[in-house]
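Chains A and B are the protein sequences, given in the same order. Numbering follows the working numbering, with no gaps: position 212 of the first sequence is 213. Numbering follows the working numbering, with no gaps: position 7 of the second sequence is 8.
What the hints contain is simulated information worked out from the structure, not anything from laboratory work. Errors might be hidden in some of the hints.
Pairs count within a copy or across copies, as identical chains cannot be separated in the list.
Unchecked claim - Below 27 Å or equal to it, Euclidean Cα-Cα: the simulated DSSO-like pairs (lysine-lysine) are: (1) LYS184 x LYS213; (2) LYS16 x LYS125; (3) LYS215 x LYS43; (4) LYS272 x LYS184; (5) LYS348 x LYS12; (6) LYS18 x LYS272; (7) LYS132 x LYS334; (8) LYS215 x LYS101; (9) LYS270 x LYS309; (10) LYS356 x LYS175; (11) LYS31 x LYS104; (12) LYS284 x LYS263; (13) LYS43 x LYS31; (14) LYS334 x LYS309; (15) LYS175 x LYS287; (16) LYS101 x LYS132; (17) LYS31 x LYS46; (18) LYS270 x LYS104; (19) LYS215 x LYS104; (20) LYS104 x LYS178; (21) LYS178 x LYS213.
Number of protein chains: 2
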Amino acid sequence: METQSLTIQIKKVEKSKINEVDFNNLAFGKNYADHMMYCDYKDGKWHTPQIVPYGPMEFHPSTKVFHYGQAVFEGMKAFKDDHGTVHLFRPEQNFERINKSSKRLAIPEFPKDLFFESLEALIKLDYNWVKPGQGNSLYIRPFVIATEEGVAAAPSDSYRFMIITCPSQAYYNKPVKVLFAEKFSRSANGGVGYAKAAGNYGAQFYPTNLAKSKGYDQVIWTDANTHDYLEEAGTMNIFFRIGDKLLTAPTSDRILDGVTRKSVIQLAKDKGIEVEIAPVEVKRIKDAAKVGELKEIFGTGTAATIAKVTAFEHAGEEFPLPEVDKEYSVLMKDSLQDIQYNRVEDKNNWLHPVKP
Amino acid sequence: METQSLTIQIKKVEKSKINEVDFNNLAFGKNYADHMMYCDYKDGKWHTPQIVPYGPMEFHPSTKVFHYGQAVFEGMKAFKDDHGTVHLFRPEQNFERINKSSKRLAIPEFPKDLFFESLEALIKLDYNWVKPGQGNSLYIRPFVIATEEGVAAAPSDSYRFMIITCPSQAYYNKPVKVLFAEKFSRSANGGVGYAKAAGNYGAQFYPTNLAKSKGYDQVIWTDANTHDYLEEAGTMNIFFRIGDKLLTAPTSDRILDGVTRKSVIQLAKDKGIEVEIAPVEVKRIKDAAKVGELKEIFGTGTAATIAKVTAFEHAGEEFPLPEVDKEYSVLMKDSLQDIQYNRVEDKNNWLHPVKP
Ligand SMILES: Cc1ncc(COP(=O)(O)O)c(C=O)c1O
Ligand SMILES: Cc1ncc(COP(=O)(O)O)c(C=O)c1O
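Extracted from the complex, chain A is given alone in its bound form (with noise of 0.2 Å):
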């Protein structure tokens, strides 16, 4: 990963397709702004980066890609303050995360100096394209996938980083019912689970239909061992609050290290609320819920923000969750976006502000 001094090529769009998008009515992740970055490794190294108008690419029916899942991304949000400047909130997180999927996954590591710069390039570009106001921003997805012909099952020998973009407001509008896993697994020790590796997501699409057809709107996984402990979401860590305490798991080889639910567990703190990083027992949460102790859940994810969970199942029994005053999934997603669109003062340091 060593430091290369190489400059961004760059070639602009004609003419912006921003006036086609209907920004107030955005399906998450359907309209992309203007470019996007490429920056293609082969030969042992990272070649110069691309930044070019957003469109489909050539692919060879056997890149690796299709055959082997040997593909990580991420997830990540810019905002814009109403003075008009765009922040990114905590991308180095981001950055590090991506190349510790990476390396699970046997894809070279990504340098640091070439993702700041590109993801930099493309905001400025496509600066109107991140709206200002409450609960719009711009989606920042990067990724990386094999891009080697071959259906040999071994790592490829060349990759393809990209960073696409889309305009988003909130993910999920409604408080999401949820469901315990009893049977079906996300990840196990030794394995993915760490990593937003692209396999994990698809393995969970079953099940989760699954859950939808029973009228749960997501699947909250256990360890697949046991299926005792509440582990997380499909795109969110998971939070319980039991009198005036939040629980959370802890991450593991098997739990994403969620950008949010490390923000969360920091805001919570600074505002005095105890917080119990430990292995969350399925026992724990319904007893607390019989017993009327259960105040709260919610989700933790960079695209759903804070999600407020109504309702869970477990072993055919549904626990409703009580209506309480003061929620902390309020409290969370208010503090948090306070900070994101710049309304507070940014104490941790978690805004990297993109100029125009």
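Chain A is fixed; fit chain B with the ligands onto it per the hints.
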């Protein structure tokens, strides 16, 4: 999966590239026959299969397979006998398995008639790419990828089913040394280990690289939970011979139900060799090795056929396998190939001939 009567559309190459290929020097999975098949799923149904010249296709960078590994594949082979007739080996097994894999990955199943009609049409077109002679075959790679454009982590609404083929010689030319997994894992109960899901393979590259750096070719995966039981290799099931008996793990949620495995079990039974299908404890194998009762270990898979293991490593100790007369691995490989090349009676009805 209703049966439809759709004509396959065929567009032939103008000029075959068969003369550009050195059939005596094939790198596995690097040369593709002239034609490929693709069939798109959209608006809730599979459309007309297309057979076209092998070549690149356009994909948007937001195509779901790049992000969520929603993809499955198969590996099967066609053999040419001494009379010049091509035979597929147990293709209905691969057909059933790809749909089993698809189901787990929330991919719509592919219709049987379309599978066989297009597979046969493809083989007929590229008949000359199947070379006769021991070890030669046409490797056939059916696969399905999620093609919807969109970065929301939810199942795709469109898919592409494809078949590409490549001429191949024996996959592993030399015997292999293996390492029994002690920390990393391949799959868990409730996961996707039994499916040929793309993500299962990318996830193995890093641990396999570590094994390689220690001088071992492959990892033999153990159960994720205790690492006490031997399950399978990256692209092979695994057999142990203790005395005159063969041992192999039962298939499960975690283990691929290999076509070669089940064929070897049948052939062994036909020959009066006892096969014990039960969890294979690491300790049992090590103990048997220590007292000289462990005679052989071999892997079974379509690409590798039968791969002889010469040594295994566990807990820092290497156990070389002895030289034995009348190896089961050789007996099994010969018996299998005698059937595949149509040199003996096909008692179990495993061959599926395709006339030119
Ligand atoms: C599996 C999983 N867990 C949790 C999260 C939340 O992480 P973050 O807060 O960094 O977005 C995500 C999304 O990135 C995820 O994919
Ligand atoms: C994980 C895994 N195990 C075993 C096998 C062997 O299966 P088969 O004999 O059907 O090729 C394969 C290859 O297909 C595989 O990918």
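Taking the hints in turn, this is what the structure says about them:
no.	hint	result
1	LYS184 x LYS213	within (15 Å within a copy, 34 Å between copies)
2	LYS16 x LYS125	within (16 Å within a copy, 48 Å between copies)
3	LYS215 x LYS43	between (47 Å within a copy, 25 Å between copies)
4	LYS272 x LYS184	neither (38 Å within a copy, 39 Å between copies)
5	LYS348 x LYS12	neither (38 Å within a copy, 64 Å between copies)
6	LYS18 x LYS272	neither (43 Å within a copy, 69 Å between copies)
7	LYS132 x LYS334	within (19 Å within a copy, 64 Å between copies)
8	LYS215 x LYS101	between (36 Å within a copy, 22 Å between copies)
9	LYS270 x LYS309	within (20 Å within a copy, 58 Å between copies)
10	LYS356 x LYS175	neither (34 Å within a copy, 58 Å between copies)
11	LYS31 x LYS104	between (29 Å within a copy, 25 Å between copies)
12	LYS284 x LYS263	within (25 Å within a copy, 42 Å between copies)
13	LYS43 x LYS31	between (30 Å within a copy, 17 Å between copies)
14	LYS334 x LYS309	within (10 Å within a copy, 58 Å between copies)
15	LYS175 x LYS287	within (24 Å within a copy, 56 Å between copies)
16	LYS101 x LYS132	neither (31 Å within a copy, 44 Å between copies)
17	LYS31 x LYS46	between (32 Å within a copy, 22 Å between copies)
18	LYS270 x LYS104	neither (32 Å within a copy, 44 Å between copies)
19	LYS215 x LYS104	between (38 Å within a copy, 18 Å between copies)
20	LYS104 x LYS178	between (35 Å within a copy, 24 Å between copies)
21	LYS178 x LYS213	within (10 Å within a copy, 46 Å between copies)
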